[in-house]
Amino acid sequence: MLLVKGKVMKWKLMILPALLLPVLATAAPKLVENGRSDYAIVLPQSATLPEETAAKELQSMLKRISGAELPIVRDETYAGKAILLGRSDRTAQLLGVDFRELRPDEILLKQCGDDLVLSGDRPRGTLYAVYEFLEELGVRRWTFRDEEIPHLATIGLPPRDCRYAPPFEGRDRLGGTNGTYGAWMRVNGHYLNVPESHGGVIRLIGWCHTFGEMIPPREFAKSHPEYFAEVDGKRGVWDDRNGFPQLCLSNPEVRRILREKTLERLRSEKNPRIISVSQNDSWGAMAENYCRCEKCAALDQAEGSPMASVLSVVNEVADAVKKEFPGVLVETIAYHYTRRPPATLRPRENVIIRFCTRNNFLYPWDSGENAAGRDEFLAWSRIAPKLYVWNYTANFGNTMMPHPSLRNYAADLRFMAANNVIAVLEQGYGRGLTGDLLPLHNYLLCKLMWNPQLDQEKLTDEFLTGYYGAAAPAVREYMDASWELFRRRALKLGGSMIEKEALPLADLLELKRIFDRAEQLVQSDPARLLRVRTAAMVVDLPILHSAEAAYENRETPAGRELRSRLDLPALVRKTAETYRKLDCRDFYRENGRLSIDSYIDTAAKRVTGDWSGGRPAPDICRDVRPEDWRRFGPESFVSWECTRKQEDGATVLEFPTRKNNWLVHWNYRPEFGLDGEWRVFVALRTETAVRNGNALMIGSSGFGQRPVRIDECRGKQFRWIDFGVRNFKGGGRLVFAPSGIDQKLEIREIVLVRENRSK
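FYI, numbering that gives the first Met the number 0 numbers position 150 of the sequence shown as 149, with every residue one higher than the one before it.
Listed below are the simulated DSS-like cross-link pairs for lysine-lysine, each with C-alpha atoms no more than 30 Å apart in a straight line:
1) 511 x 491
2) 29 x 80
3) 715 x 743
4) 728 x 491
5) 573 x 511
6) 322 x 269
7) 511 x 580
8) 221 x 294
9) 62 x 29
10) 269 x 55
11) 321 x 294
12) 29 x 55
13) 62 x 80
14) 233 x 260
15) 321 x 269
16) 644 x 743
Calculated directly from the structure, the hints in this document are not laboratory data.
Work the whole structure out from these sequences, hints included.
Quick look at the structure:
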């Protein structure tokens, strides 16, 4: 909303309709007329770096729009026609404001005779005011590299007197809005890497999940198990596949360390503002791993929430911080088991509660479908002096699937604003181009965090028309159809780790038909065709990874039907070519940072049944059908401190000598199609003067460990180590740790051979 001469009005950020452009062009005064301008951009002598950036960007963009290059002048007494930027006695008088009273990121745009004043709160307000003005002229930045610049030989300056402050002081969007693009989109969160020249970010020291930084379990679990949560009668035990252990927060020594570490960190920082003191991340089997010792349990039970023990220590830390750093805030998270607030315990005035959502994004937050999360949030909104929200908008298990989570963005942000939220983090995943319409998600969320009162439908139409052109109606049809399919099947749409399948093949094929029509509408527009094909990848890749598409199922009725309708190898090639042209390497899964190109490569292997990697089958697979064995080389491993080399057409990974850590991980995933039982072979070799003992330990999720003796793999040739028969249903990992001796130990590949296969 905007205050206009004391009244409230809506701030119009939409592209000006074509019929209004002549009015803009003919209204007096004229900023530019027939490509020429007698205006200057005027900065005060005291201009800040972001205000200097505002002047340069305004100058550059006006030249691109009209051809006119306005000079930049540092002279508050400049008497000619001017666009006056920043904060000075002159701009304060013209605006009629006391700059000290501005709200965070507040902007002011005012026509004063022939002059235009663009100003705002520091450090970002003036830059944001310039961006608002340029958007009025029709400038749009759809993504970090896609923009739309109008061409106007004449630019008029219609009357304006606008003042606006966003309801959210902090606006954070993870998923491709970094750097200068983040500044343009008016986001200012911690991880956005907005340079200081563009106003920087609101820095959060530690970010989140900081208990583990201050009391690292790898350092203290054995020497001080009493520091850690008691769960099922045990302390200091954890499975790092599911996060980190929590702390015993009733332990006086733990509380002392948390206080001292927090103060030490603040003393090392320049101009600290917010520091995180927050529980560790944990999920799966460890999602509820808070301390059940007698003292912690007594407090938590009395207060009706495990948040009680967390908040009690956070308050204690906050009291210590206030004495030495009175202006610094301490942030903690209401996350997993701490979402419910305590019955009587209250956050200190210098404590921020960041509430982490758990909603079904198909429906508004303020709806019956999300009643549990809504009620927890509303309880915090009544007691937290400073309330932030951490919202999830992506499927972090696999971004390359339909995930229609955007329908209620405006309604949810209005709900937050109406209930005392002062900062929002909207977490997505990716670099901003791939995923399910990620560019649209970014555009909507940034616009709506800045102003939740904007019309989401109009913003959506604006983006679809500008970004997809003639294909916009078809893309809109896809959006509606995917939402309806999720709703019809009563699927919960959250940030959960859905890795392989959500919609059945029939639904995916229905969505593919829509994208096929969208492609036809932009065949003559290469840029928009690439954008449509990029969007279609979230349908094409799940089809290629479906059970029906697997080579081993090609003769089943469903497999034959699918292959009669689609040329699956051709679809793989098209998807790979689309991703290559996009030239933006990205990841499809947060946990493990798995690359999209590896996902496409796996699709090709599943469809063709060729897992050989272009090399001959090993001897152990000589009489095995192609669909009954799999090869995984170092390109699919995650490794530390290892070196790679090429040998006989294969990549070989060499472990560092005299180390005994788990230095190589191979993550197996549902998309590998490893249903049933498989025998595991590992190609290893070692050269060492040590005669006896172990060369390596192999570990596996749920399967225990298996030592590999030196004599099993010693020699110039690689030896096959049989790790036995395993069931790889779901996901997990094989891990490899050298024994710590002086040796040259190398791994070439893992080969899986299906048990109980047809001969």
